[in-house]
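**Student:** With chain A fixed as given, assemble chain B onto it according to the hints.
Residue numbers (the working numbering), protein chains in the order written: chain A, -18 to 47; chain B, 135 to 555.
The reader is advised that the hints may include incorrect statements.
[What the hints assert, rightly or not] Beta-carbon label-pair distances, calculated as ranges:
1. B:Ala298 x A:Ala(-2): 50 to 60 Å
2. A:Arg22 x B:Ile531: 36 to 46 Å
3. A:Ile45 x B:Ala171: 49 to 59 Å
4. A:Gly13 x B:Gln459: 44 to 54 Å
5. B:Val142 x A:Gly13: 17 to 27 Å
6. B:Ser208 x A:Arg22: 44 to 54 Å
[As the list claims (entries may be wrong)] Footprint (simulated), chain A over chain B, 3 or more residues, beta carbon under 8 Å:
7. 256 to 270
8. 430 to 437
9. 473 to 487
Calculated from the structure, these hints are not laboratory results. Cβ atoms here follow ideal geometry from the backbone N, Cα and C, with glycine treated the same way.
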Amino acid sequence: MRLTDFWENMRETFGEAYASSVAEDQVLPQLGGRTVNQALRDTDTKHVWIAVCHAYGDRVPARIRR
Amino acid sequence: MTGHPERVRLQRRTVTILFITQILGGVGVAVGIAVGALLLEDLTGTSALAGLGQSSAVIGGALLAIPIVRVTGSHGRRYGLVLAYGAGVVGALLVATALYLRSAPLAFAGMFLLGGGTAANLQARYAAADLALPANRARQLSLVVWATTIGAVTGPSLAPLADAALREQLAGPRYAGPFLASAIGFALAAGILWSFLRPDPLLIARSENGSESAPKASVSGGLRVARDNPTARLGIIAVALGHLVMVAVMAMTPIHIKHGMHDPDQVTTIVGIVLSLHIAGMYALSPVAGILADKWGHRQVILMGIGLLLLACATAGTAGHNHTQLAAGLVLLGLGWSCTMVAGSALLTGAVDASQRPGVQGLSDLVMGVAGAFAGAASGFVVQYAGYPILALLAAIVVLPVTVLVLRRGPIHDRLNEEPT
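Looking at chain A on its own, in the form it has when it is part of the complex (with noise of 0.2 Å):
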């Protein structure tokens, strides 16, 4: 997955301003513990959009799910 599907993605599922706000705010379990940004610095993009559906569920698009 490349990083710009990665942040369309996340726009798509937060908007804009909401988008940056989760990647930079919120430690993910499925991360470690860490923040979306903080993984994306050594994690594949892939396994960072995973985590993310499976800590958001039902509010990421069925049509971009993982």
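**Tutor:** Here is chain B on its own, set in the frame of chain A:
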């Protein structure tokens, strides 16, 4: 794991139990506070010391966060909340005893421990967030805040009933009845939590993260976490400054009303109406703040809260003795508080790992309590020397730094966002 039906069921059960105990605890707090100042005036013979009873309870509540964090960190929410309500029970019984013995120092000591009830009512919202999914954490937390409404509204009207019951049935001293009612409310809340809040939501959340062993939690540990985590810091600051502004303006509103009127009975009626509307603003719509925070984002709702607080200061500060405008200002003040409280608490909870939460959450309640105590004490001086409009202006200025923090983003996000892969 996330959408596991068992976990969903456990979370629903946890929130239901907390909802019930929050009503009982809320009644306990409100009943005691309703007559706290009156009984201290009665015992000490001066109204100057009467206000200190309230400060004693606020400071007690804030400082009790320190042992509560320790116990919560090592044994879970159940032990932490029961300890806090337990302190409230002892405090309420001490105040009642002080009335039998006519001892003012004992009454102050009792008021200090009574703060444990407030501390428990505050910490309970975090227990509702432990097993909540990130997608609806703010809403779950706000439900527990909302439950406080019921206690806050019914408590003051129960006070005279409890007072009359004890005096007439058992020939007890005046004001002791409401404190016995407080003790019963806290004891029931503690008993229900002790019996039913298991498995413990915090311990489950921690085990899911693979940190089974209990880390040593402390407020100073929370301080270290907050130092390195700007998001958690923003949550703490939003909650504390929202509280500071709310307490400062609210505390002096009765005095402001009194200064413009001559009939003391009318003052009591107007103050009662304005403060009831304010409390409704604080709690009744808190689930809306929670739902919006989950939908739009915590930062957005904190910004909305700041906007409401500024509007509240402008409305109340320029109301003069127009009581309708003053009431509108106080409702806005309550709504603004609700937004910063709910969104700030959810933001700081989501910003740290489950094992670090008790320390950061306890720190937040401690800072909030100190901010409230400071606001309560300082507002009197400001009104005395500069007047109510200046108090509202100063309060408005206080919230501005939060706006800067909310709007400031870490550089890392922008870099990652732009970087093509």
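**Student:** If a hint holds in the structure, say so; if it doesn't, say that too.
**Tutor:** Status of the hints after comparison with the structure:
A C-beta distance of roughly 54 Å is found between B:Ala298 and A:Ala(-2), which places it inside the suggested range of 50 to 60 Å. Evaluation of the 36 to 46 Å hint for A:Arg22 and B:Ile531 yields a pass: the beta carbon distance comes to about 39 Å. Our hint of 49 to 59 Å for A:Ile45 and B:Ala171 holds, since their Cβ atoms are close to 58 Å apart. The hinted range of 44 to 54 Å is satisfied by A:Gly13 and B:Gln459, whose Cβ atoms lie roughly 52 Å apart.
In this structure the supplied range 17 to 27 Å holds for B:Val142 paired with A:Gly13, their Cβ-Cβ distance being about 23 Å. At roughly 33 Å, the beta carbons of B:Ser208 and A:Arg22 sit outside the given window of 44 to 54 Å. Under a criterion of three residues with beta carbons nearer than 8 Å to beta carbons of chain A, the stated coverage of the stretch 256 to 270 of chain B is upheld, 3 such residues being counted. Remark: the stretch 430 to 437 of chain B is confirmed as covered by chain A, as 5 of its residues place a Cβ nearer than 8 Å to a Cβ of that chain, reaching the required three.
Using a Cβ-Cβ cut-off of 8 Å, 5 residues of the stretch 473 to 487 of chain B lie near chain A, which meets the minimum of three, so the contact claim holds.
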